[in-house]
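What the sequence shown shows, in mature numbering (1 follows the signal peptide of the UniProt record, and there is no 0), is residues -23 to -1, 1 to 159, in sequence order.
If a hint is listed, it holds; no wrong ones were tucked in.
35 Å max Cα-Cα, derived DSBU-like pairs, lysine-lysine: (1) 84 to 68; (2) 24 to 46; (3) 68 to 96; (4) 24 to 96; (5) 59 to 84.
Hints are computed from structural coordinates only; laboratory data are not their basis. All of these numbers come straight from a predicted model, not from anything done at the bench.
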Amino acid sequence: QSRGSSPGLFGICLGFQLAVVEFARNVICWEDAHSAEMAPSDDSSHKIVVIEMPEHHTGIMGGTMRLGKKTTMFKIREDRQKSILWQLYGKPDSIEERHRHRYEVDKNFVPDFEKAGLKFFGEDETGERLEILELQDHPYFVAVQFHPEYISRPTRPSPPYLGLILASCNLLEEHLKESPMC
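Work the whole structure out from these sequences, hints included.
Laid out in structure tokens, this is it:
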């Protein structure tokens, strides 16, 4: 129940996907919400909110992942200034991060999620894939489809990790106000 606690949650890849499933089940009240990765393929009783990427074939492994460094665009939206990750990354239009996944959030459900407070601030260059989510009005409930651990260093932590540490110490808000990058 990270939604109700501080500092909250930082989800990576599967954590991004499961944050969406949990939110669908417990906030939107879609008790049958599920991920295609875990729901039986012959079971049509679930509302599949995390789907296999369309260009990949179900059940075929090997060469079917979205791999490597990819660009994530911060969506231009009225409330973008509320995005914690956008601020932590220094308010760029885009970032580059490494990916390793074959499942993604079904964009057909985005209006329902956003209406309930789960905001999607980042997407791939085509606008087809969701990459960054944040829970509105939460100290630090963020999740990313990419793997920021690949670029994190002891003296230069990746912005999402830095945010989690700062939020855990109740220093995130102060950092965002003082940081020249933000």
